[in-house]
Amino acid sequence: MAKLAAAGVSFASPVVRCCDGDWSTMGIAVFEDPDGIFLQLLGTVEPLISD
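Numbering-wise (our numbering), the sequence shown opens with residue 412 and increments by one.
Derived from the structure by calculation, the hints contain no laboratory data. Glycine is no exception: its CB is placed at the ideal position from the N, C-alpha and C atoms. Any given hint might turn out to be false.
[Stated by the list, open to error] Pairwise CB distance ranges, derived in the manner of DEER restraints:
(1) Glu457 with Ala423: 18 to 24 Å
(2) Thr436 with Ala413: 26 to 32 Å
(3) Phe449 with Arg428: 18 to 24 Å
(4) Ala418 with Ser461: 29 to 35 Å
(5) Ile460 with Ala418: 18 to 24 Å
(6) Gly447 with Ala417: 16 to 22 Å
(7) Val456 with Gly419: 20 to 26 Å
(8) Gly419 with Leu453: 20 to 26 Å
(9) Ser461 with Ala417: 18 to 24 Å
[What the hints assert, rightly or not] Calculated lysine to aspartate or glutamate pairs in the EDC-like style (CA-CA distance at most 20 Å, straight line):
(10) Lys414 with Asp433
(11) Lys414 with Asp444
(12) Lys414 with Glu457
With the hints as constraints, model all of the structure from the sequences given.
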């Protein structure tokens, strides 16, 4: 995310955790490419809550 933001990529949303709330280890972000096409990134994130 940081590298894309530094390159001037405009995100349509912040990273949204999917699909287990604060326990989620996956996140989704949507951004717009230079041609105006919206793309979705899916990747790992640190859970906010652990057991």
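**Report entry** Index of numbered hints that the structure contradicts, given in increasing order
**Finding:** Hints 2, 5, 9 and 10 contradicted; others consistent.
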